[in-house]
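Engineer: For reference, the chains in residue letters:
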Amino acid sequence: MTTLIYSLLPEAVDPALAFQGGVMKRFAVLQLSGCAGCEVSLLNADAWVDQFKLVYMPLVTSVYDVPEVDILLISGGVRTDEDLYRLRRAVKRAKQVVAVGTCAISGGVANLGDRDEVREVFLAQAQRHHVPRLLPKTHPVDAYVDIDLYLPGCPPTPELFMAVLEEDSVFKPSKIVCQECGRKKIRDMRPKHLLGFQQGHVLPDICLVNQGYLCVGTSTRGGCRAPCPRAGHPCVGCRGPSDVFIEKESAVWFTSIKRVFNSMTDIPDEEIDAALRSPQLALFLFQFSDYAGGERAIRPKEKVL
Amino acid sequence: MATLTFPLSRIEGHAQVVIEVRGSEVLSARFQATEYRGFEFLVKGGPAEQMPVIVPRICGVCSTAHHVASVKTLEDVYEVTPPPLAVTIRELLLLGQLLQNQATSLFIFTMPDRLDVDSLFDLSGSGLSEDQQAVMTTHALQVRQVGTHLIALAGGQFIHPVKAVIGGVISGITEEAAAKMREELVWALPIAIELVDYYWETSLAMGERLGTWGDDEPACYITAVGAEHPNYYGDVLRVMGCDGSDACTSFSACDYADYLTVEESEYSYAHQTSYQGNVMRANSLARVNLVQKMGTPKADAYLARFHEAFGRPAHAIMLFDLARGIELVYAMERSLEILAEPLGHEDTAVPYTPRDGEGYGLVEAPRGPLIHHYRVEEGKIAHAEFIIPTVHNMLAIERALRVAARRYVTSSGVDMELEKAVGRVVRAFDPCIACATH
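If you read the protein sequences in the order shown, they are chains H and A. Converting from the first sequence to this note's numbering requires adding 7 to each position, the first position being numbered 1. Converting from the second sequence to this note's numbering requires adding 65 to each position, the first position being numbered 1.
If you're looking for bench data, these hints aren't it; they were derived computationally from the structure. Owing to the predicted nature of the structure, the values given are computational and were not obtained by experimental measurement. Be aware that a few hints might be false.
[Claimed, not checked] Simulated pairs of lysine to any residue, SDA-like, Cα-Cα distance not exceeding 20 Å:
#: 1; chain 1: H; residue 1: Lys265; chain 2: H; residue 2: Asp155
#: 2; chain 1: H; residue 1: Lys60; chain 2: A; residue 2: Val200
#: 3; chain 1: H; residue 1: Lys60; chain 2: A; residue 2: Glu195
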C-alpha cells in the first residue's frame, strides 16, 4: 500500500522526504508475550504522533491484523504457538523489522522459567483447553525470523524509540551506562563485601561499585541515560552487553566483570561469582547469544542500537 | 450451535471473547486470557530480595503496583516498618500510576468508543475538526505523561521503577524537584478536567444512543481503600455485599483465602475469584461505591455529582469509566497536596535483617486490590502467589458479556453491534491480562 502511494509522488522526491510530501511512514507494533512495558514507553515518545502513522498496535488501535508497513516493531518473546504464527505472518508485510525490548531479543525475564526444574512443573500445570498452546520454552524472535535492527532495554526509553523510528544517524548512544550515570569513581573506597543489589544506605554521587553494589553499568550498553544508577539503584543491565561484549561469549564477560570488581574493590571472587548468577541479571545475561544454550547466531553490533 | 469469537483490542494484553449461541439463545459467554509466562513458577528459587526488581516485569502498565506490593511483602516477612517519609513517597508512586492508568483507560482505550473510531491516533471519522482532533490527542497524551513523570520522580523510572526498597525508599524528593512537578500538575489539571467533562458528556450521549449502560445487576464490590481520603497504599480489604449496605466485611491480606474463592479456569490462563458464591467487582466503580469522600475539592464535586446521578452503590458497568474520571482528578489533586509537604529529608529507610518466613503485601492498584504472598526459605523464594485485581472481575466480565449478548442476539439474527458491545463491556472493566495470567 505504501509503495503505491510513493509511486504517486513525483520521481524527484526522495522517499526519505516523503513526509514533507504529505505521506507519513507507516509503522506497526506486534505484541507477542510480554508485559506491554515497551508499548507504554513508546506512548511516552509522543513525538511520533505528528510524523508517523501508527496503523497497528492492539493496545491502542482496534485493528486485528498487521497491514503493509514501512517499519514493524516487535515486542515480547515467542512463548505460544500463536506468537509464532503471528510473528511469521507479520514480518512478510514489513520493509524493516525491529526487535524491541529484552523479551523480543532474548526471551527476557521469562527465561527464568526455562530452568529444567521449573519448566517441568510449569508446563504440567499450564495445560488449558481452547487457548494457544505454550511452546516448550520461550524464544527470542530471531530464532524464527530475520531482524534488521535490535533495540534492547526493559523497556527502551522513549528517546531510543524515536531514534529508531526517525532512523536518526546522528544519535549515538554512549558506549556504556557508566558514561551516563554521573556518579564518581573513588580510588580509595574499596568495599570488602558485596551488598548485592539493594541493601544498605546509598550515598549520593559516588559510584555504586565503590559502595559495594552489584552494578553492571560498566559493561551494559548505554543510551538509556542511566535512570536506575542515577536514582541509586544498581544497573541490572537490561540494555544488554555493550559493543565490546555483544559479539562474544558470556564467559568473556564473566571474566571481565570480575576484573572490574577486583580493580575497584576488595570483594572476594567467590562472592562476585555467586552474585553473577542472580536471577536479576537474567535481563542482561540472556542477551548473550550463547547463554541460554542452543545454536543461536551472534548479533552483529552494527545491528544493535 | 454457533460459536462467535471476538478478538479484543485497546486493553492490556492478549484475550478474546467466545460466545456460543443456539438460535436466539445465548448458551455461554467466555472471557479467555490467551497468554501466560508463569511468574509464580519462574521466581522460585531466586533470592527473595530481588523480587522488587523482577516482579514489576509481570506488567509494564502496572509495574508500580507490583514493585510496591513486593517490597511490602518482604517487609512483612522481615518484620520491618518503613519510615513515614518512605510510605508517603510510595503513596505518591501509586498516585502517579493511578493518574497514568486512568488517563490511558479513559482517553486511549475508551474515548474511541465514544467517538466511534478505531484509535485515538486516527480521529478522522470522529466528526471533530482537524484542529480538535489534534488537540484531543495531544491533551490526552500530555495528561497521561504527567502520571509517568510523577512515577519517574518518586520511583526513578516510569516503567519498572526501582526506588522502593525493603525498609523504605532509596531517596526523598528535593523541594526543587517537587516544585517542578507541582508546576506541571497545576498546568495539567484544567486540561484533565476539560477532557473528563467532555468524556462524561460523550459517555452519557453514547448511553442514550445505545439505550443501555450495560449490565446493571447488583454485585459485591471489593477494594483496599478506606471510606474517606482513599489511600492506594492499601491497608485492609473491604467487601460491600450485594445488598449495598455500608456494613462492609473487612479482612487482612493474609486472610484473603478465608473470604475469597480463587479458582482455576479450564478455558483461560487467568484464574477467577468469587465472594461467597457471588459475582464480585473490583476497580474504579468498586472504590467509588465504597468511598464516601475523596477529600480533595474537585474530585469531591465529581463524586457528589456521580452519587446523585447514579445512586450508591451504582451498578451499570459503563459507570466504571466515569468513576475513572473522578479518580484521575483525585490523583492530581492529592499529588499536589503531598508534593507540598517536605519530602527531602534523610529518614528514607530503616535497616533490616533478612530472615525466612511468610509475608503478604497489599496495595490498591488502579484495577483493584493486589496481593503478593511469598514464603521465603534460606533466603530464597519457596512459594509465590500473586492475587491479581483483574481476576476478581472475571465472573463480572462474563456476566456483563452475557447481558450484552442477550441484547444483540435475537430471533432475527445476530446484530453486528454485538462486536462493538463486546469491546465496550470488556474495556469498562479495564482488565490487565499480563497481570491476570502473569
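Engineer: Run through the hints listed earlier and report the numbers of any the structure violates, in increasing order.
Structural biologist: 1
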